[in-house]
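Work out the full structure: start from the sequences and follow the hints.
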Amino acid sequence: MQKGRVLIDADACPRQALVIAQQLCKEFGWQCLTFASYNHQIGSEHHVTVDAGPQAVDMKLANETRPNDVVVTQDIGLAALILGKRAQPLTPHGLIFEPERMAFHLEERNEKARFRRGGGRTRGPAARTREDDQRFLTALRSLLERGEQQDGNE
1 MQKGRVLIDA DACPRQALVI AQQLCKEFGW QCLTFASYNH QIGSEHHVTV
51 DAGPQAVDMK LANETRPNDV VVTQDIGLAA LILGKRAQPL TPHGLIFEPE
101 RMAFHLEERN EKARFRRGGG RTRGPAARTR EDDQRFLTAL RSLLERGEQQ
151 DGNE
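For the sequence shown, the residue numbers in UniProt numbering are 1 to 154.
None of these hints come from the bench; they were simulated from the model. All residues carry an ideal CB built from backbone N, CA and C; glycine is no exception. Heads up, a few of these hints could be off.
[As the list claims (entries may be wrong)] Capping the alpha-carbon separation at 35 Å, the derived lysine-lysine pairs in DSBU-like fashion look like this:
no., residue 1, residue 2
1, Lys-26, Lys-85
2, Lys-60, Lys-26
3, Lys-60, Lys-3
[Claimed, not checked] Simulated restraints, written as ranges between beta carbons of each label pair:
no., residue 1, residue 2, range
4, Glu-27, Gly-84, 16 to 22 Å
5, Arg-114, Gly-29, 20 to 26 Å
6, Gln-55, Arg-116, 17 to 23 Å
7, Leu-83, Pro-54, 20 to 26 Å
8, Pro-99, Thr-49, 28 to 34 Å
9, His-46, Arg-116, 32 to 38 Å
10, Met-59, Arg-86, 28 to 34 Å
11, Glu-131, Gln-55, 28 to 34 Å
12, Glu-45, Gly-118, 43 to 49 Å
13, Gly-119, His-47, 37 to 43 Å
14, Ala-52, Glu-145, 34 to 40 Å
15, Ala-12, Gly-119, 20 to 26 Å
16, Pro-67, Gly-119, 39 to 45 Å
17, Ala-127, Arg-101, 22 to 28 Å
Below, the structure written as structure tokens:
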């Protein structure tokens with residue numbers, strides 16, 4: 001019996017986070033679905049390919065999300081949509097997006113975009129570390145365990 005689903009925005013997901021998610025899904029008996037444009041080669045048993053249009057992956061992933069899914073994405077706007085669908089967004093670095101902090105994350109994103117439009121430069125993401133992998137593993141395991149408990153209470 002399939003317990004739950006983890007949906008991954010694989011266009012920008014680090015390979016090691018993808019491997020961790022696939023391993024944990026197997027351990028917990030959850031289905032792992034990856035979504036990417038046809039420009040990316042993703043090694044996944046359950047993969048959805050979309051065209052390379054702007055936001056195509058995000059829109060497909062948002063449309064496929066159901067309540068209680070876990071969605072791995074770095075996209076703050078997509079994370080807000082996912083929360084609205086009663087699913088749980090998580091970054092590949094292990095940040096669990098919570099509804100009460102989403103307004104802050106969106107405002108921070110908008111401020112950085114405004115700064116860049118004005119000619120400012122912001123730093124890109126730091127190189128991935130073992131600590132990132134461990135934080136992601138811990139956060140995803142926690143969400144899957146929480147999902148197991150919810151299944152047992154229904």
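Structure-based check of each hint:
no., hint, result
1, Lys-26 - Lys-85, "holds, 24 Å"
2, Lys-60 - Lys-26, "holds, 24 Å"
3, Lys-60 - Lys-3, "holds, 22 Å"
4, Glu-27 - Gly-84: 16 to 22 Å, "violated, 29 Å"
5, Arg-114 - Gly-29: 20 to 26 Å, "violated, 44 Å"
6, Gln-55 - Arg-116: 17 to 23 Å, "holds, 18 Å"
7, Leu-83 - Pro-54: 20 to 26 Å, "holds, 22 Å"
8, Pro-99 - Thr-49: 28 to 34 Å, "holds, 31 Å"
9, His-46 - Arg-116: 32 to 38 Å, "holds, 36 Å"
10, Met-59 - Arg-86: 28 to 34 Å, "violated, 18 Å"
11, Glu-131 - Gln-55: 28 to 34 Å, "holds, 31 Å"
12, Glu-45 - Gly-118: 43 to 49 Å, "holds, 45 Å"
13, Gly-119 - His-47: 37 to 43 Å, "holds, 39 Å"
14, Ala-52 - Glu-145: 34 to 40 Å, "holds, 36 Å"
15, Ala-12 - Gly-119: 20 to 26 Å, "holds, 25 Å"
16, Pro-67 - Gly-119: 39 to 45 Å, "holds, 42 Å"
17, Ala-127 - Arg-101: 22 to 28 Å, "holds, 25 Å"
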